[in-house]
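> Sequence lines, in order, name chains U and C. In terms of numbering that gives the first Met the number 0, the first sequence opens at residue 0 and continues consecutively. In terms of numbering that gives the first Met the number 0, the second sequence opens at residue 0 and continues consecutively.
Just so you know, the hints here were simulated from the structure itself, not pulled from any lab data. The structure presented is a predicted model; accordingly, all values stated were derived computationally and were not measured. Hints are not guaranteed to be accurate.
Same chains, same names: a pair is fine if it fits in one copy or spans any two.
As the list claims (entries may be wrong) - Below 30 angstroms or equal to it, Euclidean Cα-Cα: the simulated DSSO-like pairs (lysine-lysine) are: (1) K136 - K107; (2) K138 - K83; (3) K107 - K138.
Number of protein chains: 2
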Amino acid sequence: MDYSDIVAFHGHQCPGLAIGYRLASAAMAALNVTRAGDEELVAIVENDACGVDALQCLTGCTFGKGNLIFRDYGKQVYTVYSRKTGTGVRVVYHDDGVPPECRDDRQKREEFIRNGPQDAIISLSFVEIDEPETARKRKSVNCAICGEPVMETRLRDTDAGLICIPCAEQIRA
Amino acid sequence: MDYSDIVAFHGHQCPGLAIGYRLASAAMAALNVTRAGDEELVAIVENDACGVDALQCLTGCTFGKGNLIFRDYGKQVYTVYSRKTGTGVRVVYHDDGVPPECRDDRQKREEFIRNGPQDAIISLSFVEIDEPETARKRKSVNCAICGEPVMETRLRDTDAGLICIPCAEQIRA
């Protein structure tokens, strides 16, 4: 996927998307890996801002595939881990590396983030992490109240039977 | 984005992806909307399985844009809301609508989910929901311990100063 595919996925172009593009590209180059068709890579993202859409596109670590782990730390930091080699790399974005003349011009800023020297805006370190578990498929059971299918690990065992979380919350309310 | 773009984003083809494709397509048709370039649409997803990748591609409600809200209920249910019209639609997938002859053949199953009659596998209802807030940009402050930039709302105020969550957890450990 090239940058135009990433912009098409995100829906628009913005500096935040460029940050994710740069961070994810740096991580993949350091790990010497290609996009994950399945769960070959895992990404731990420390924010849920625009850049994560670029990471999803580039690494193949996507919300729906179970190999995108979100930690709500508010930091422009990704850790990308290769299951194949057991290697992880942590990349950190440093906005103070954007030169003053690019700071207040959205387009110049984005351009610098996309194409400026990596060392100016990104620090990178290899890290050891416990390998995250792969996603597991579970069977579904119908909620005893609303009748809708529910993954078995999300059912609540109540006097009304096995029910889904929204029905359980409605009983409690 | 057509189905091949969705498969490219997800990384592979699978019945779960087809479920999300069908659900998201049904929701968008009911709302009569096009893909969200920004936050025109919001999706509330009640699972984080494969299908959500199709929803991200089709609706433009993506993890990085703040208009994808995850509720961990383990249900194949999406609610898609249009900020423009104030209308929401809730779509539910019913796997028991897949005919017996397609159940055990992965390819036939996927084919039916993608192209079978909508009424057999999806129920749809218009719903009223409180309009979710739009994503907000916050400034960053450097953590007093590790020095990394942190979104101000995620800082912890400690004896060591304003620090990030991982540093706060390390102090507590």
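> Against each hint, give a clear statement of whether it holds in the structure.
Hints and how they fare:
1. K136 - K107: between (45 angstroms within a copy, 19 angstroms between copies)
2. K138 - K83: For K138 and K83, the Cα distance is within 30 angstroms only inside one copy (28 angstroms; across copies 37 angstroms).
3. K107 - K138: between (50 angstroms within a copy, 20 angstroms between copies)
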